[in-house]
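Trainee: Protein sequences, first through last, are from chains A and B. Quick note on this note's numbering: the first sequence kicks off at 1 and runs consecutively. Quick note on this note's numbering: the second sequence kicks off at 1001 and runs consecutively.
Simulated from the structure, these hints should not be mistaken for laboratory data. Each hint should be verified, as a subset may be incorrect.
Here are the simulated BS3-like cross-link-like pairs (lysine-lysine), alpha carbons at most 30 Å apart as the crow flies [what the hints assert, rightly or not]:
#, chain 1, residue 1, chain 2, residue 2
1, A, 383, A, 433
2, A, 445, A, 313
3, B, 1079, A, 313
4, B, 1079, A, 435
5, A, 313, A, 458
6, B, 1079, A, 458
7, A, 433, A, 445
8, A, 435, A, 383
9, A, 445, A, 383
Read off the chains here:
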Amino acid sequence: MAIVAFFLGLVVTAGFALTSLRLYDRNESRLLRLRAREVSSVLTAVVPSIQTPLASAAELADATGGDRRRFQLFMAPYVGPGRQFASASLWRLGTSRPAPTAVVGVAPTLASLPEQARRFFAHAERSQLLNITGVLSSPSPSLGFEFSTPGSTHGFAVYAENPLPRDRRSALARNSAFSDLNYAVYLGRTHSQAQLVVTSLHHFPIRGRQASQSVPFGDSAFTLVVTPNGPLGGTFFESLPWIIVAVGVVISLAAALMTDRLARRRQYAEQLTGVLDRVAAENHQMYTEQRGIAQTLQHALLPDALPEFSGLKVSARYIPAASGIDVGGDWYDVVAADDRRVLLVIGDVSGHGLHSATTMALLRHAALAYAAEECRPATVLAKLSDFVNSDDHDYFATVLCALIDVEAHSLTMASAGHIAPLLIDGGNGEYVKFKVNVPIGVVRKADYEETTVSVAPKSTLVAFTDGLVERRTEILDAGLARLRQTATGQRLAPEDLVETLTRGLASTDHNDDTAIVVIQWEN
Amino acid sequence: MGELTGDRAAEVLIDTRVDTMGTPLITLSGELDSSNVESLESTIASITADRPERLIFDLSGLRFMDSAGISALIGAAAKVQAVQLRAPSPAVRRVIELTGLSDVLPIEP
């Protein structure tokens, strides 16, 4: 991955660098062409300074019939070191051996080259205007210019010469406007080495970037070739591609390192996720185990199976809270009081956890012990209350105690803060109306009242703890109404009714433990 | 009544002041259950340390109270001569009626 990122970075870098290089190249060529045009315009400005004195002298010679003295007087200011020409001379045309009739400055080189002079003047006679000799190489290199008046009657020509540097070299001054260029000026329209007039270069042919411009000069032309001796657009743009390459390589390296680090982190995160998944699985297992332990303990504290009673069908169930990994404080007991009577005790210790569960076990056994002495419900509750108040405690409990006379079809009940049970007679269900006294453990001297109601044949009694009916978002009566509706809809056997109520409870998110006891008269 | 509310984060606000008669007034609002009842229990403990004769609980802002809350109120009732509840919600009122606590936790007329 890191290597891929690195190469990708390099490719992008190369792309940018090449683009930059191409732009630089195009820009330099354009600048060079502009510079060549500037130099050529300077050259163009030189032409009149050569042509004008020669043209005027030719006019004078024509008018004076080739007066030598007048010619010499006129040309003298133009000839000499540091002036336009090294030599100026007056020639008569139309002869087979042309020769100067008057000379100012040094003797013209052309005079010593009769054959070349003949050909030159023969050509000049035909073309008139300014004629250039070409580079005269012997004895020392020079350049000659000729001018004869158009339509001349006497046939005079004015000829001037300038020596060329021996090696044609003439460097540009450092402070010149063209110091960033090297140049070569040729006579004619070609880059012929023989016609090289002047140059700042040492080596030929010219290599690299170059631009060429021609300037008309008499019957010929000067051809200018320029080449840059440095970047014309500044060194920054020249180095830009290299800067891009350097920065690009650094960025690619950084990207590669970053990618590598990200890959490592991802690997680490994946490992961590694996660990977390394992921890979650272990947690879930521990939770399941703990819930199992809690339920096992709870069931150990509750009666295993209820005894059978003649004339009654009984079913009961303890349901732990949905989220419960804790033991609760709900309990129930159904025991035979004597031959004809059965005692029901159902209760709920406040709070939850081991403390509530052990308190529940204590109360449960205490209630059974008191019931064995005297099975009147109010008495059992009063004794239970005294028992609890005999020591310091920080809990309270609701307890319902009901003594059932099977054959007499009667029910004697007392409640210590416990919700009244539901009594179902056929299709009618009513919560038994009687006085509910304070819960156990609330006040020091509590009085408990008991109430006896008669029960219709085949009635069903449903006793329960508040977990069955209490919901966080509603008033208690709503839960009571729902229970009555569920229980009275159809006549169910006790086990079936317990099952139905348990399922109804499971459909809600009940967060309290619940005990249910259903007792049904067979007759 | 063995309530388990571990995954529900209830919030209760407890305000304590003294009314014009010099009786401590504890105002509860929000939801009171086993997850936050301890804050109420410590408030009650610090107030009853001064041995007031009476305590008033203003429950008008309390939307829900479970058996743990009832238990805390009963604990307060055991430490003073009289406790009074002010403006409980119908749900709280019904729980008190149905559990025979009307005498221990009387509701202001």
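Trainee: Hint by hint, note whether the structure agrees.
Mentor: Hint check results:
1. Restraint check: the Cα-Cα separation between residue 383(A) and residue 433(A) comes to about 24 Å, which is no more than 30 Å; the hinted pair holds.
2. A distance of roughly 37 Å separates the Cα atoms of residue 445(A) and residue 313(A); the hinted pair therefore is violated under the 30 Å criterion.
3. The straight-line distance between the Cα atoms of residue 1079(B) and residue 313(A) is roughly 45 Å, outside the 30 Å bound, and the hint therefore fails.
4. Proximity of residue 1079(B) to residue 435(A) is assessed by CA-CA distance (about 26 Å); at most 30 Å being required, the pair is judged to hold.
5. Under the criterion of a C-alpha separation no larger than 30 Å, the hint pairing residue 313(A) with residue 458(A) is consistent with the structure, at around 10 Å.
6. Taking the CA atoms of residue 1079(B) and residue 458(A), the gap is near 48 Å; set against the 30 Å cutoff, the hint is violated.
7. Between the alpha carbons of residue 433(A) and residue 445(A) the distance comes to roughly 24 Å, so the proposed pair stays at or under 30 Å and holds.
8. Restraint check: the Cα-Cα separation between residue 435(A) and residue 383(A) comes to about 18 Å, which is no more than 30 Å; the hinted pair holds.
9. Distance restraint check for residue 445(A) and residue 383(A): the Cα-Cα separation of roughly 11 Å lies within the 30 Å cut-off, and the hinted pair is therefore satisfied.
Hint compliance for this structure: hints 2, 3, 6 are not met, and every other hint is.
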